[in-house]
Structures are given as C-alpha cells and as structure tokens.
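There are 8 protein chains.
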Amino acid sequence: MEQALERLRALPYEDLGFAKVDHHRALRKGFPEVIFCPGKTAVQIVEIARRLASTGANVLATRAAPEVYKAVRRELPGAEYNAVARAIIIRGTEKLEPAGNIGVISAGTADLPVAEEAALTAELMGGRVNRVYDVGVAGIHRLFDSWDRISKARVLVVVAGMEGALASVVGGMAACPIIAVPTSVGYGAHFQGLASLLTMLNSCAAGVAVVNIDNGFGAGYTAALINRIGLEGHSP
Amino acid sequence: MEQALERLRALPYEDLGFAKVDHHRALRKGFPEVIFCPGKTAVQIVEIARRLASTGANVLATRAAPEVYKAVRRELPGAEYNAVARAIIIRGTEKLEPAGNIGVISAGTADLPVAEEAALTAELMGGRVNRVYDVGVAGIHRLFDSWDRISKARVLVVVAGMEGALASVVGGMAACPIIAVPTSVGYGAHFQGLASLLTMLNSCAAGVAVVNIDNGFGAGYTAALINRIGLEGHSP
Amino acid sequence: MEQALERLRALPYEDLGFAKVDHHRALRKGFPEVIFCPGKTAVQIVEIARRLASTGANVLATRAAPEVYKAVRRELPGAEYNAVARAIIIRGTEKLEPAGNIGVISAGTADLPVAEEAALTAELMGGRVNRVYDVGVAGIHRLFDSWDRISKARVLVVVAGMEGALASVVGGMAACPIIAVPTSVGYGAHFQGLASLLTMLNSCAAGVAVVNIDNGFGAGYTAALINRIGLEGHSP
Amino acid sequence: MEQALERLRALPYEDLGFAKVDHHRALRKGFPEVIFCPGKTAVQIVEIARRLASTGANVLATRAAPEVYKAVRRELPGAEYNAVARAIIIRGTEKLEPAGNIGVISAGTADLPVAEEAALTAELMGGRVNRVYDVGVAGIHRLFDSWDRISKARVLVVVAGMEGALASVVGGMAACPIIAVPTSVGYGAHFQGLASLLTMLNSCAAGVAVVNIDNGFGAGYTAALINRIGLEGHSP
Amino acid sequence: MEQALERLRALPYEDLGFAKVDHHRALRKGFPEVIFCPGKTAVQIVEIARRLASTGANVLATRAAPEVYKAVRRELPGAEYNAVARAIIIRGTEKLEPAGNIGVISAGTADLPVAEEAALTAELMGGRVNRVYDVGVAGIHRLFDSWDRISKARVLVVVAGMEGALASVVGGMAACPIIAVPTSVGYGAHFQGLASLLTMLNSCAAGVAVVNIDNGFGAGYTAALINRIGLEGHSP
Amino acid sequence: MEQALERLRALPYEDLGFAKVDHHRALRKGFPEVIFCPGKTAVQIVEIARRLASTGANVLATRAAPEVYKAVRRELPGAEYNAVARAIIIRGTEKLEPAGNIGVISAGTADLPVAEEAALTAELMGGRVNRVYDVGVAGIHRLFDSWDRISKARVLVVVAGMEGALASVVGGMAACPIIAVPTSVGYGAHFQGLASLLTMLNSCAAGVAVVNIDNGFGAGYTAALINRIGLEGHSP
Amino acid sequence: MEQALERLRALPYEDLGFAKVDHHRALRKGFPEVIFCPGKTAVQIVEIARRLASTGANVLATRAAPEVYKAVRRELPGAEYNAVARAIIIRGTEKLEPAGNIGVISAGTADLPVAEEAALTAELMGGRVNRVYDVGVAGIHRLFDSWDRISKARVLVVVAGMEGALASVVGGMAACPIIAVPTSVGYGAHFQGLASLLTMLNSCAAGVAVVNIDNGFGAGYTAALINRIGLEGHSP
Amino acid sequence: MEQALERLRALPYEDLGFAKVDHHRALRKGFPEVIFCPGKTAVQIVEIARRLASTGANVLATRAAPEVYKAVRRELPGAEYNAVARAIIIRGTEKLEPAGNIGVISAGTADLPVAEEAALTAELMGGRVNRVYDVGVAGIHRLFDSWDRISKARVLVVVAGMEGALASVVGGMAACPIIAVPTSVGYGAHFQGLASLLTMLNSCAAGVAVVNIDNGFGAGYTAALINRIGLEGHSP
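Protein chains in written order, with this note's numbering: chain U, 1 to 236; chain S, 237 to 472; chain R, 473 to 708; chain Z, 709 to 944; chain D, 945 to 1180; chain A, 1181 to 1416; chain P, 1417 to 1652; chain V, 1653 to 1888.
Among the clues, some could well be false.
Under the rule of at most 25 Å between Cα atoms (straight-line distance), these lysine to any residue pairs were calculated in the SDA-like manner [claimed, not checked]:
hint : chain 1 : residue 1 : chain 2 : residue 2
1    : A       : K1332     : P       : F1434
2    : A       : K1275     : U       : K70
3    : P       : K1568     : V       : K1722
4    : P       : K1568     : V       : E1884
5    : S       : K388      : A       : E1303
6    : V       : K1804     : P       : A1442
7    : V       : K1722     : V       : A1735
8    : V       : K1804     : P       : F1434
9    : A       : K1250     : A       : P1278
10   : A       : K1332     : A       : K1250
11   : Z       : K860      : D       : G983
12   : S       : K331      : R       : A647
13   : P       : K1568     : V       : G1682
14   : Z       : K860      : S       : A411
15   : U       : K152      : R       : K624
16   : U       : K152      : A       : R1311
17   : Z       : K803      : D       : I1034
18   : D       : K1096     : Z       : K778
19   : R       : K624      : S       : H260
20   : D       : K1096     : D       : R1072
21   : V       : K1804     : U       : A175
22   : Z       : K860      : D       : A1027
23   : R       : K567      : S       : A411
24   : Z       : K860      : D       : P956
25   : A       : K1332     : A       : R1311
26   : Z       : K778      : Z       : N838
27   : U       : K70       : U       : R51
28   : V       : K1804     : P       : H1440
29   : R       : K624      : S       : P248
30   : R       : K542      : U       : V84
If you're looking for bench data, these hints aren't it; they were derived computationally from the structure. Everything numeric in this text was worked out from a predicted model, so none of it was measured.
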C-alpha cells in the first residue's frame, strides 16, 4: 500500500499552507478547481485565484461579495464580476467555442441570482445556454410560449423556489434529463428552501435529479458535463 | 362569570362516560358530530353511532376498519360501508337534494382513498360532487381534457401525494377557492406526507388553503361549507 | 401537441426580461397578479407595478419595505402605503362596492401586521371586512363579547401565533368556513411559526383550512374568493 | 472526595445484576421506584416487582402488556391490572387516605389511556382525583358544564391530542397550576404527538407546564407532588 | 347559547383598538395580565402598562429592551428595570409579604437572564425565592454544597442550557415538584434550545415538568402558583 | 384558452376509472409510463400493465411484491420478475441494442436492491450497464481496483447508504456526470436515509446530482436519458 | 495516476459477487472486517463469515437475529451466540490476553443489549472489560458506589437512553476519555434516540465523544482502539 | 446521605456570585476549567480568568471576540490571542513538554478556525500536534501525500464541513481512534452543520467518534486525553 500511495502523492498540487490548490483537477475532471468564497478571507481568495490563473485556465469564484471582487481585481486586473450571479471570472488563454444546448429555466424573478450562476458556470465550461426566466406555474402559459426553445435542449436546468412545482411540470413534458435547483426563495413553512428541495426530490416526473438549495453552480456544472457528451473537442 | 357558564352548561350533549356526544353541534355548525375511529374501541364507536343516529341525522364514521363496520352493522343494520374511503355511513331521515358544484381532483391512483373520503363527506353534507381522478402533472394533458368540468366548480378539492404539484397548477388556472389535501403517498424524502404538505403550503398560486395530510374528511367538510354559501335551504 | 401549445402561447403577458407580467391572470382568476416584494429589487418592483397599473387594475405589493414604497411613489404618485400591513396599494380606475362579510380575527397585538395584510387584501378584492383583534384564548370572554359580529360572517380569517388555539375555539363555534393563518409570533419551541402551523393543521374542529405561516395575503385572497360566491357582479 | 463517595455508597439499593433496585427512593422522594415496562423482559419485571413489594410499599408498573400482568400475577397473586391505563398495581401494607383535589381533564375518547394512567398514579400517591373526560374545544360547552368541579382543584392535569388547545383554554380560566400532557392521538402533520407538544409548550396562558408525549405517569406524579403541599401526613 | 355568551361579554376588559386589556384576569387567575414585549411597539407597551397600573396592581413587562424601558419610565416614573432579566416592573399599591420557599437553580453563568426572569416573576407574585446559580453537572460538588438550601423548597425551578442534565440530577434527589426551563445557551447540535428541551422532557427522574425554551417567566409564574398552595392570604 | 385546451385534450390516454394510462408518454419522453406499485391494488396493476403491454412497448413495474408478480403473470404469462430489484418486466416487441456505457456503483451488500433497480431500468431503456458492487469507502482499494471499468462510463449511478461518502469520492475522481442515490440502509441517526441524502446533496465534488432515497428507478432513468445523448437510434 | 491505482488494486480482498470481503482490513486497522447483519440475507452472512473465518481471525456479526445464528451454526459449528447483545462470534485460532481496562456503564435495564454489544466487541478486540449497569441519575448513589471500579478505567463507554444525562455526570468526574452511546430507549419526544443523542453531543463536560444511536459496536471498537494504546502486543 | 453530601461540599471552588469557579477540576480531570465565552460578559470572563490564572495553571478561553481579548489583556498582560482559533491563552507557571502524536486533519480552508481550536487545545494540554489542512476528498491525492505523517498518530482529529466524507475515508485507512468534528461550513441542505454531523455519526468506518458541530475544543480535549494514555508524567 505504501508504494501505491507514493505514486498518488506525485500528482500536482500547490501547498499555500491554508489551502492545497489542486492543479490536477483540470486533467482529471476536464475543468479546473472552482473557488467557493464563503468562509475564506479575501487574501486567501486572491492567492488561490492567482495560482489557478497562472495555469492559463478559466477561473471562477462563486458567492463573491463585491468587496472580494475589488480585492481580486487589484491583483488580477482582467477579472470580471457578474453582479446578479455574484461571481468573479478570470478568462483563460484558451477559448472553447460554445456548443450543445443547455436550457436554464427559472420560476420567478427572485430566483435570478441562482439561475444566472448556473448559466454562467455552464457557459464558462463551453456550453451554449438558452435562458427562459419567470415562467412559474401560476401563469403556466408563459412556459408553453417558450416551449420551442426549451424542447431543443440536450439538458435542462430548472430553478425554482416557493413550492418548486416547475420542475415536475417541465419534467412531465421534456424528453431530456433535468437538473433541478431548489432555491431559498420563500418564507414560513418554506424553511429556507426545504420545501422546494422536497418537492423536487419527490417529483412524479422521471428524469429529474436535484442539487443542493441555491446551488446554481452545481447545476450548471453537471449540465455542462452532460451537454459535452458526444461533442467533439469538449470531452476530457 | 358563574352565571354565564351555567347557561352554556345547559346546551344539549349526552354523557356516555368515555364520551360526551355533542348533540348541539348540528345546530351550531349545521352538521352533526362525525366519528373519527382510530383510538376508539368498536364498542365505543357503536355506542356513539347509536346515539347520533337516534336523532335522525346522517352519521359518518371515518377511518373505520372493516371489523368496526361489522360491529356497527350488527347494531345498526342500515349502516353502509364505502371500502375505498374506509367510511361508515348511516343515512338519516331527512334527505338534502345535492346542490352546488364541488370538484374533487386527484393526482394518482394511490390517492383514491383520500379523494373518496373527501367526495363522500361533501356529498353527505349536501354537495353535488364531480370526481376527476389520476390527472397528475406527469401527464398534464389529462388534466386539461377535464378542464370544462373542473372550471364550473364553486370550490375545488385537490388531492395529491408525491410532490403535490397539482394544487399549484390547478390553482394557477382556476377562479374558485381550492382546498388542497396532501397525501402520504410517497417514500424516502417524502417523510410520510411532509413533502406534499410543504408544497401546498408554499403554493405560488393564490387561493389555495390546506388541510392535514390524508385529511379527506376535513377537505370535504370545508368544501361543503363553502359550497352551500348562497344555496337556499343549505345554510345553517 | 405543438398546435395546442401554440394557442396557449397567444395568452397576454408582457416580457420585461427579469419578469413576465401575467396580464391574463385578471381574466383567469378574477384578480390581477400581486407583487411579492422580497427578493426583487426596487427597480424591478417599480417596473412591474407600472405595467400592472397601466391596465387600470388595482395593484397590490406585499411585504414592501418603506424604501420600496418611496421608490414606487416617485414613479406612481397615487401609490398608498399601509405601514402596519407593509403593503403598497395603487387603486385602479374601477371600484367594486364592498360586499359580503369577511371576519378577520386575531389573537394578539403582535399578530396585527399579518391580520391587516389579510384584511387589506380582502377589501381590495371587493369584500366587506369586520376586524376583531386581540381576542386570544388566555382571556376567552373577549372573544365571546364579539361573537355577534363574528357569527354573521360568510367566511372567517383567524390569525394567531404562540400556540394558535384560537382557530380551534372559533372553529368549534362558527358555522362558516375558516381560513387559519399561523404567525411567527413566539419564541423557543415555536420554531418561527411551526407550532402555530401544526396546531391549525391538526384542529379538532372541522371546517378549518390553513395557509402558510404569516401569509395574511393568501388568507385574505382565499377568503375573498369564498366571500364572492353568489354575490352579483363579484364572480369572474 | 473518596470519603464522601464512600458514604453515598452506603445508601440502600439491591443489585439484581440486570437492575439495581433503589430502595432509598421512597425516603428521598416520598414514593418508591416505579417500573417502566418497555424494554424489560417479563422475568426482569417480575423480579423487580417482587423486591419492591417485599418492602410493603405500593408497587406500580406502567405500560404493561396483558402478558406481563399474567406473569406478575403468577408470582404476586395480589397484583391488579387496570386495562385502560395498561398498569399493574400491587397495593402495599400502609394505606394513605385520599386527600387534596387533583382534576384530570381529557379532550377526547382516544386520550383515555393516558388520562387514566395519570389519574391512577395520582391516586396511588394519595391524591383524591376528579375525572372530567371528553371535553375538547370542538364542543366547548361540555367543558363549561364541568367547571364547578374543575375550579376547585389544587392542581389540574390536562390531557389532549390533536392540536392540544384544551390546555390553553383551561389555562386561561383556572387559578391553579396545570400539568399538560400531549398525547400521540392524531395523524399526518401531528407527527406522533409533536403537534400537541408544541401547542402546550407555547401556551399563551401562564401557569402551564408540560411533560413528555403520552406521559400520563409523569403528569400524575407531578400533580401528586403539588397536591400534597401543606397536606398533613402527606409530605415526605 | 346567545344568553350565556351575553353574560361572558360583561366581564371587564378595556379595548385599546390594538389590544383588549384583560382586567378580569387578576380575579380569575389571582395575578394580572403580564406584558410580553416582542412584537409590540413601545407606544403600545406604554399604553397597556398605563392601563394595568391604573388598577393599582403590580405590572410586569418581560423581554423589554432598554429603549422600551426608557419610553415606559417617561410616562410612568416609578417603573424599575432589571437589566439582567430584561424586565420592567411597576410596583402596585398593595404589597404581599414574601412567603413559602421557591428555589431557583441554574447551571451556568450564561443562563442568568432566564433564571433571573423566573426569580423576579416569582417574587412579584409573593414567593420567597432562594437563588443557587452556576451549579452545572460538570462540577457536581457545587450543587451538593447548596443542597441544604435547595432541599427546603416547596417547589424548584431548574434552569439549564447545553445538555440540560441538571434537571434530572436535581429531580433524582429532590422531594418537591420541579419546573424545568431549557435555555437556548449552546451551539451546533443544540439547535437553539431543542437539545435542552428534549433532555428535560425525557427526564428519567419523575416530578419534572417543563416550560418553553428560555421561558423564565412561565416557570416563575407556575412555581408561584404551586408555592402559594396552602399559604394564607396568597390563594386567589 | 378554451381552444388551446381542446387540442391538448386530444392527446392519447386511456381512462380506466381509477387510472388514466398515458399512452402519449412514449412519444413525449421516449419511454412509456412506468408502474409504481405501492398504494395500488394487484387488480389495478394488472389492468394498467395489460393496457401498456398492448402497445408493444416494454413494461416496467417497480416495488412489486411477489404476490403482485403472481397476479400479473397469470394474466400476462411473458412477465419476468427480478427478485433482487423487486421489479416486474414485460418485454415489448421491439428490442433496442444496448449502447453507451452506464456504470452502476454501490457501497454495500445491503444496497443491492436499489442498485439493481437502477441497473435494470437503465438496461430496459437501452443502456449498456457495468455493475461494480460493494466498494464502500471503508475499504477504498476495492474501488480503485475497478477504476478502469468505472472511468470509461458516460454517466455513473452511485448508490450508498450509511454516510453515503462514496458519491463524493467517486465525484472527486470521475470526469462524467454522477447520479447519486441515497439509500435507507442505516439506523439511528440515519433517519431512514436522511443522512445519506444530505451527504450527497452537500457533496464537495462538483458534477453530482441526487434523486430521492432508495429511488433506483429514478437514477437509472435519468442515467439512461444522459447515456442516449448522441447515440444514434436512441434519441426520441 | 493509473500506476498508483494499479498498486492499490493489488491489496487483498475476495469478490463474492454480492460482497467484496476486505482481507486487508486486519492489516490496516488491526482488526478484521465485522459483519453488520441488517439488509443482508442469511445466505450472504454465512458466506462472508466463512471467508473471514478461513483466515483464522475472530469473526463478529452484529444485530443478528436468532434465525441467522442458526444458519451460521449449521455451516460453522463453532459459532457462539450472545442473545442479549444479538451477536454471533466465531473465535479465531490466535487468542489475545485481555489487557488494559475498559469500563462499560449503562443507565437502565433496557439499555442492556447496547451495553453488551459494546462490552463484547471490546473484549473480542483484546480489552479487559468492567461492566457497571443500571446506574442512571434518578438514583445517583448507585453510580457513586461503583466509582472505585469506574475511576480505574483507561477509557469509559457510557450507554444511556431517556435523557442520557449519565454521560455528562460521569464526564464531570472521570479523568479518562468517554465514548457515549445514546440509545433509542424512550418514547414520545425521545424521537427514537434523538433526545439522548443531542444530550450527549451537547455535554457540558469535556472529553465526551459520541457514536450513533444504539451503536454499541462502534463504541466498543473505538474504546478498544484507545485501550490498546501503549499496550505491548496489542498495537497494529 | 446528609453526611456524604457534607464531604462533597468541602471540595474547593470559589463563588463569584455569577459563577462558581471549579478549582477542583484540575485534580479531578487533570486539566483546569476552560472558559466558554458566548453568553458571558467581558467583565465576567476577566474575573473568571483572573481566578483561574491565580492558581498558576494554563488558562484557555474559547470563542472569544477580539474585544474580549482586549479586556482580558488589560487585566492580565501576559494573555495571548490566537485570532484564527478565536482563543485567549494565559500560560501557567508549569510547562509540560509536548509528547505523543495527535494529527489534526481538515477538509477545506473554511474549516481552519475549528481545526486550529482543536490543535491549540491539544497543545495546551501537552500533546504534540501535527497539522494537515485542506485535504478534502474532492482531491483525494492531497490526503495520500500526507499519509506518512498521518499514519504515525496515536489519535486523529478530523475536521470537515460540507458532506464531511473525509472522516470516513481516513477512518477506513487509519489504525488509531478518530475524533470527528463536523463544521457548519456549507449552505442550503447543510442545515448549519447537520449534514456533516449525520455523515460522521453514520460513518461506515469503525473507530470514529463525534463531537458537537464546530466543537474544535471538545475534539482537541478528548484527543489529548487519549494521547496521554501511557505517557509518563502526563496522566492525572
């Protein structure tokens, strides 16, 4: 066992003391490590971003407060900020042509930050994204009006708070896999997203898989992994 | 205060030792007491039923096991049993003409016992009931096909387990009030009906009020109270 | 299916990018879309309000902070603010004569914001509303003193925090349907309204249906739907 | 510390291997150890009962299945069984004259086993008990009719399932302390007694303290401790 | 029924619009209404306090922020403030001689605000109170050292956060009834007091009844009700 | 709107009274309706199976007890039974060549029924499936030994009970999307699958989406939808 | 990475199809794999036991029903059964002399099965075990009487249901590390062990670590790992 | 019993009114009382620290805000502050040589405060500590690279938020006991640490015991107790 471990040890990562930046991830997963900002200091985030950027890859930092962005931009002037998605992006040297078709559908206006995080992540990973927003089931004809665009997707991300019924309705009609994202939009017996989460986990429509509450990043990432299947130049 | 209480004491009820049968309820609420069977012995149920039946009113006993029905029928030969709804009925001397229009909609085949309990209760309380079953959102065109019948209701009862999305979809389209009944049909993260309950409480469609999990009786009763508004000869 | 969807697409709504304003709702439900403010920016709320107001309908925005009201008033000078209910109202061109009889009963002084949201919503939807406040069961004679007014209602809204027992006590006496609103007033094992919610869902009195914690709007809306049954000029 | 512990060691108890019977408890608490049957084998229960009975004290075994009673009676022929309360009693040599006034009030017929466990325990501990059963808030005049008897109690035990509102209503009227017992009678969002428990813990009426779900024994015991205050010959 | 209600209506209370001050409570329960401040505005609190004070009774307002006290003192200069217990007191014209013996025991320094609220309430209601603080089970000899004082109580209030084991240890030794108060002192899997609450509800020691998390007032009130049993001039 | 609904009504389904069999689903989703057995009577299941089989499609009934299978086989002699997966299969007239590559990985022996349900569903929907069982993290070298086979999958299903850590470990190494299935295998603080569910929803590895507890069917279905992307003759 | 994995693959395990028996575990952890029976068929358990026994190691199967034991004994006649602990043991060829000092303390008679599982596991792993049973805090002098034996332990296992206070009391006095095991013994607001679990996780005494509800095996195993520190011939 | 208690009373502690400082703890447990700051005022913390420091022992105050540190330093100039761990340390007169080997492993950068609290506590109690940070399972080769250092520990502390899988992976490989610390690092269905807590309690790897969420202190303390077993001069 000792010898085997020795080899695994040789995989590339960089030790910053407070963090071990996993440079091997890009090889292993096809995409580099992404920085989840909460609980990290601005100094730590800047340092990790700098190391990742130095490899020429796309860098993505999610749930970044505006102050964090300012700190990053000071060190890395090319950094961009998507205020709705609360995300920092540093574009790498190589650019992937957007391909495939990922639909991102959201139920209400308050779900926008999560939906945008999903869309942005998927785009950064090479997917072509179609946004269809504010089509919740209280006015279901709005969903039907966008059905042409929706029905062409290889994979759909459905973002909804409140009772989260949109995932089931879309799931009952669409032929492609669906990644459902419950949001914490709601109050009272919503319990900070639990209600939407349970709705989506119990969907009577088959083909619906779920990520964590407000996890737009995870949904966009998974959708991008699905979208690149069979796309030339996109597989790892 | 003593004198006031003295008067309230004079209201009619019958003391059986283990139970105090509330004969005043029919006057107060417009419908007599209903027997909820779980936790009561067959002997107790028979005795309460006999006292209620003696007033000539309709008697309803819910969640009654077949054995309980047998015990009741031995004493009260006119008792009927609705096996799907698990309910015992003893029809009273006066018969109310069915009136109004109550729609009872259910999502799946496994929701039938709850839906039937609601329909039966509403009928016994003088409502005319329209049943539309197995129209869950996984095949939403089945719901649309029955829309004509649904849209004419004064009040709708929507019964659904799993993710319970049907209440929101119907709520987004219907103009009348909706009483939603979450059922315990589901598994895993359904938590015995919690998932459907939370869905319905968080409905993004307005005009949806909710009763307890599997409470077909309560939904049918409330719908009947709503249905009789403005109906001649039906108000208390 | 394609053709059917095409027709549904033709229903009127307005796409603002971040929102799709559902102008068809007034036709479908009898009342226009209502703006739930949390999670929306002031800019978005102002824009949606402007579009809804342009149709001449009543506009209601709930859970609106005073800052939001200021932003709305700047654009729409006729906007009013009900500080207790935290609601913005823009009165439409057509005015419905208040009719029917909706009782709004609350248990304690701290429940006032929710009770007022219910009363205001019901009034805006054409109901005549009777307010009976601070009649919780710790001093039950206060409830009895208002019973004359309560007993004449077509439908009752009962608002209560703490243990929420008021809904059951009223439910045991009243002949009309009851919409119960649990509030988050309480502490400790109240779990932000869970205690009142469970109390009301488990009411031993029949005819009680429940809306989400603190959902005064939903209760007022449902009560108004019930209240208008059989009222001339009020049905959709 | 060693010496202090040495003295505590000298307190009387009997080691049966699987159990250490605490004979000192009668001195310390004024009442001997009580046997809670679930999780103990019949053989173990019989043995503990025999040791306790040998001191001449009253013996009480709660939640005892009929089979357990049969096993006990075989060894201890004087043992009695209260089938409703599911309790075994072996009366001791000394008999306390019933004194004071403990009211035991219950909401519904299905709450009887818990109410009887409370009443029986209180009686065995020397209290005079007044039973008032089936006076739930759905027919509140039944409670008022018994108010004379209730209002004379030194302490009240209030037993209720479903939404458990009875504790608050009684608490709003009574001048004495109240021990509230939530029961597991209910279904769905009752969550096996959680709903009644939360109701009682959040009572808006002061002077209400709560014991575990279905814990009739604990309520009866606490009520008896309160009842004996100031009663000659009853204090420890 | 109408006539009976008419009489109950005649009971004294004062309608302030936002509140109905229950002047009858002092007659009914032996103590006047107490003001629970959260959710009420300073203006409302001042007004209610003024009405209660005008009857010459003791006035107690719990969970009062310092700002609220300042507002009250401006109107009612005799008002006192207990900063630890966060309570406002306005002493009435009649003074009850402290009597009986109520022990208030707390586990840790952070539990002091709750323990003081209990002690203060009990004193205001005529009880003589013995405080024993910071005797948690991590250093159990500190409890034993105070046992002489504790063992003489007619009733004990035990206040504890963290795992709340103190209630069981005291309950295993004391001969009098115990009112246990779980506090929200803790973190992580303490879930804001749930851990202490469950501990106390499941106490293996008999004679322990529980009030809501952090409800020092309720415990002091109940203890005072128990303490006054058999005390001359203290019963209602 | 009426005309639009009229068209949707024309979509094919068959009304059996207790069920509306959705024949349109095969067109819409690419796979026919699947029968979830719990809550349905054997008679209902047989009837639905017969109608689905009559179209020549594959029929799948999940969570089927052996008795149900016997009832089905009596009517439909070609029906097969997979006892581990508790599933009934009736093979249709058309046979899809297995294609793509779906890995199904499970953590422990007790997870087999869920893993087999996933594998079976995926196979029936045209996927080629690779099973790798009992490779939980307590002996992680067993997982590494199968890595060659695992790393070639287009999509992975990871099935795990207990703490469900396998999904994260696989997710940290694999380049393809992962559908994680928490199982109810565990006890105590596992809360019937809640522990594994939360683990998987909170995975620190990106690219993991989750289905309901024990929902092998849903995972297999979703994996099959992903697997068929870009496969000729497999898309709908 | 491929080469590293290749080496890990070479670690010894045996593939039975439904299980991969991890023979390397004894080397890695110092003790062989243990069979957790629930969810495995008798056939599977017998087969795994046979493979493990063939290496000459001690075999332990926990939570084994008597039927499972019978099936095992048929194949492996040397198998023993501890009925209280519900465990099957097959003693290996090498015998470790019991050493060190592990105290196993339990609160009540109903906790015996869990306590015995812990004691048995610890003994099988080479520990000398001291059992002290039925010393719950309701009669705390029973604990003090055994303190001499308890205070000499290198590590303590404390097993308790109900409110689980014993762990804190022991933790406040003992100088060695404590492994606390909450049991599911209790009812109502015990929530199948949740109450004891939370108590132990929130212990105010330092040095207490917790295992899953009813997990006597895990506690005994961890205690044995701690006990063998510094013992000659016991470390791996 | 009275005499026994008298002796326990003689154990040394100091009564500050708001706190009873337990000077006997150092004798009993081998380490003095530690100050948990939340819920205590700065004045109280300073006073307790001063009393403890006066005995010449090491003083540790956890979860201390910077303001609290400033207040302490004003009175006790030798006080140090570890800002990452949020801990105040006052080094005593006697210094223990670091001995043994405690590994502290953490999963992510945001888990640092908890990991440092554990490491610091263990060091203060005489342990030699090895830190291995940011080796979460999303990049598992980072863990393997540090395995040499990890595998030499007598006891391991594993700190992880999100899904907390690291504890199981380490537990599957290590031969020593593991104290697992779930952290509140996560969001959504993490429920403030519940997800990591459940993961660790349900670990399929044996030898893992768990402390409260974010309880770095408790883990470090328990690990130090384990580490000192058999170390000369370190046992109490």
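Outcome of the hint check:
1. For a cut-off of 25 Å, the pair hint linking A/K1332 to P/F1434 stands: about 22 Å separates their Cα positions.
2. Under the criterion of a C-alpha separation no larger than 25 Å, the hint pairing A/K1275 with U/K70 is inconsistent with the structure, at around 59 Å.
3. The suggested pairing of P/K1568 with V/K1722 is violated, with an alpha-carbon distance near 42 Å, which exceeds 25 Å.
4. Using a Cα cut-off of 25 Å, the hinted pair P/K1568 and V/E1884 holds, with the two alpha carbons roughly 17 Å apart.
5. Restraint check for S/K388 and A/E1303: not satisfied, since their Cα atoms lie roughly 46 Å apart, outside the 25 Å limit.
6. At roughly 17 Å between alpha-carbon atoms, V/K1804 and P/A1442 fall within 25 Å of each other, so this suggested pair holds.
7. Among the hinted pairs, V/K1722 with V/A1735 is consistent with the structure: their alpha-carbon atoms are about 12 Å apart, no more than 25 Å.
8. With a C-alpha separation of about 34 Å, the suggested pair V/K1804 and P/F1434 falls outside the 25 Å cut-off, and the hint is violated.
9. Proximity of A/K1250 to A/P1278 is assessed by CA-CA distance (about 29 Å); at most 25 Å being required, the pair is judged violated.
10. For a cut-off of 25 Å, the pair hint linking A/K1332 to A/K1250 is broken: about 39 Å separates their Cα positions.
11. The straight-line distance between the Cα atoms of Z/K860 and D/G983 is roughly 36 Å, outside the 25 Å bound, and the hint therefore fails.
12. Pair hint S/K331 plus R/A647 holds up; C-alpha atoms about 20 Å apart against a cutoff of 25 Å.
13. Straight-line distance between C-alpha atoms of P/K1568 and V/G1682 comes to about 14 Å, which keeps the hinted pair within the 25 Å bound.
14. Taken as a hint, the Z/K860 and S/A411 pair is broken in the structure, with Cα atoms around 54 Å apart against an allowance of 25 Å.
15. With a C-alpha separation of about 57 Å, the suggested pairing of U/K152 with R/K624 is violated against the 25 Å cut-off.
16. Taken as a hint, the U/K152 and A/R1311 pair is broken in the structure, with Cα atoms around 32 Å apart against an allowance of 25 Å.
17. For a cut-off of 25 Å, the pair hint linking Z/K803 to D/I1034 is broken: about 49 Å separates their Cα positions.
18. Proposed proximity of D/K1096 and Z/K778 is contradicted: the alpha carbons are some 42 Å apart, above 25 Å.
19. Taken as a hint, the R/K624 and S/H260 pair is honoured in the structure, with Cα atoms around 19 Å apart against an allowance of 25 Å.
20. Taken as a hint, the D/K1096 and D/R1072 pair is honoured in the structure, with Cα atoms around 12 Å apart against an allowance of 25 Å.
21. At most 25 Å may separate the alpha-carbon atoms for a hinted pair to count; V/K1804 and U/A175 exceed this at roughly 54 Å.
22. Proposed proximity of Z/K860 and D/A1027 is contradicted: the alpha carbons are some 39 Å apart, above 25 Å.
23. Simply put, R/K567 and S/A411 have alpha-carbon atoms about 20 Å apart, close enough for the 25 Å limit, and the pair holds.
24. Using a Cα cut-off of 25 Å, the hinted pair Z/K860 and D/P956 holds, with the two alpha carbons roughly 23 Å apart.
25. Between A/K1332 and A/R1311 the CA atoms are separated by roughly 13 Å; this keeps the pair inside 25 Å, and the hint holds.
26. Among the hinted pairs, Z/K778 with Z/N838 is inconsistent with the structure: their alpha-carbon atoms are about 30 Å apart, more than 25 Å.
27. For the hint pairing U/K70 with U/R51, the CA-to-CA distance comes to about 18 Å; that is within 25 Å, so the pair holds.
28. As the CA atoms of V/K1804 and P/H1440 are separated by approximately 19 Å, the hinted pair is consistent with the 25 Å bound.
29. Of the supplied pair hints, the one linking R/K624 and S/P248 holds, its CA atoms being roughly 23 Å apart against a limit of 25 Å.
30. Taken as a hint, the R/K542 and U/V84 pair is honoured in the structure, with Cα atoms around 23 Å apart against an allowance of 25 Å.
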